[in-house]
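Model the full assembly from the supplied sequences, consistent with the hints where possible.
In terms of the working numbering, the sequence shown has 219 at position 219, counting the first letter as 1, and numbering is strictly consecutive.
Among the hints, a few may not be true.
[Stated by the list, open to error] Below 27 Å or equal to it, Euclidean Cα-Cα: the simulated DSS-like pairs (lysine-lysine) are:
{"hint": "1", "residue 1": "Lys-133", "residue 2": "Lys-75"}
{"hint": "2", "residue 1": "Lys-54", "residue 2": "Lys-75"}
{"hint": "3", "residue 1": "Lys-96", "residue 2": "Lys-75"}
[To be verified] Simulated restraints, written as ranges between beta carbons of each label pair:
{"hint": "4", "residue 1": "Ala-93", "residue 2": "Phe-68", "range": "37 to 45 Å"}
{"hint": "5", "residue 1": "Asn-181", "residue 2": "Ala-113", "range": "19 to 27 Å"}
{"hint": "6", "residue 1": "Asn-172", "residue 2": "Pro-195", "range": "34 to 42 Å"}
{"hint": "7", "residue 1": "Arg-214", "residue 2": "Asp-66", "range": "39 to 47 Å"}
{"hint": "8", "residue 1": "Glu-67", "residue 2": "Asp-216", "range": "42 to 50 Å"}
{"hint": "9", "residue 1": "Glu-94", "residue 2": "Ala-21", "range": "32 to 40 Å"}
{"hint": "10", "residue 1": "Ala-201", "residue 2": "Lys-96", "range": "20 to 28 Å"}
{"hint": "11", "residue 1": "Pro-134", "residue 2": "Arg-91", "range": "15 to 23 Å"}
{"hint": "12", "residue 1": "Leu-3", "residue 2": "Pro-120", "range": "38 to 46 Å"}
The hints are simulated quantities; they were obtained by calculation from the structure and are not laboratory data. No residue lacks a Cβ here, since even glycine has one placed at the ideal position from N, Cα and C.
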Amino acid sequence: MTLDIKICGLKTDAAMAAALAGGASHVGFIFFPKSPRYVEPAEAGRLRVAARGKALAVAVTVDADDEFLDNIVAKMQPDMLQLHGSETPDRVAELKARYGLPVMKVFSVSEAADLERIQPFVGIADRLMFDAKPPKGSELPGGNGVAFDWRILTGLDAGLDYMLSGGLNAANIGDALRLANPPGIDVSSGVESAPGVKDPALIEQFFRAVRAARDDRAA
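Pasting the structure below:
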């Protein structure tokens, strides 16, 4: 099985180059002003050019209104939208129709019961993402560097297309792949030297750890 790998929160040419060199299938840009990973739509549009034909460029938003999304889509030209807020199934369907783009809906989870919330979105969202619930007091819905018990994902339907996110890094990605066997993974703070500062060396290290984990499982 191929494993999709998304490097999220990119802001620099060096980080983009490292993500593509490592073999990222997806590259993400954050359009949430409170995030240290926030990037202007026009700058994301400039950066995403390098990914054309190599990786899908994902626009990550949090309860964004149509005007902001229109601006993002026009200036960045994303391949996919990622919704990290309280968007409803109707909103997901509305945005898919408005932009003609696939949509990935994010769910914050900490226990198996949280997974019940996905049912209304199955068949509407093109893909799901499971991220850890943010710590108390955090203004960020994601990118907090915290993980959840990946074993709860083993109860999902075998054919469900999703990405695992939340607290992943080179040190724990092997355990995450072994315990959850996800079809896709998403990393942001786990490849940063400081909040919002992607480290090309840590990105390279993450990809090496993924390859090593997969080689161990294939052996």
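Each hint tested on the structure:
no., hint, result
1, Lys-133 to Lys-75, "31 Å, violated"
2, Lys-54 to Lys-75, "19 Å, holds"
3, Lys-96 to Lys-75, "18 Å, holds"
4, Ala-93 to Phe-68: 37 to 45 Å, "19 Å, violated"
5, Asn-181 to Ala-113: 19 to 27 Å, "21 Å, holds"
6, Asn-172 to Pro-195: 34 to 42 Å, "19 Å, violated"
7, Arg-214 to Asp-66: 39 to 47 Å, "41 Å, holds"
8, Glu-67 to Asp-216: 42 to 50 Å, "48 Å, holds"
9, Glu-94 to Ala-21: 32 to 40 Å, "37 Å, holds"
10, Ala-201 to Lys-96: 20 to 28 Å, "38 Å, violated"
11, Pro-134 to Arg-91: 15 to 23 Å, "21 Å, holds"
12, Leu-3 to Pro-120: 38 to 46 Å, "27 Å, violated"
Going down the numbered hints, you'll see the structure goes against 1, 4, 6, 10, 12, while the others check out.
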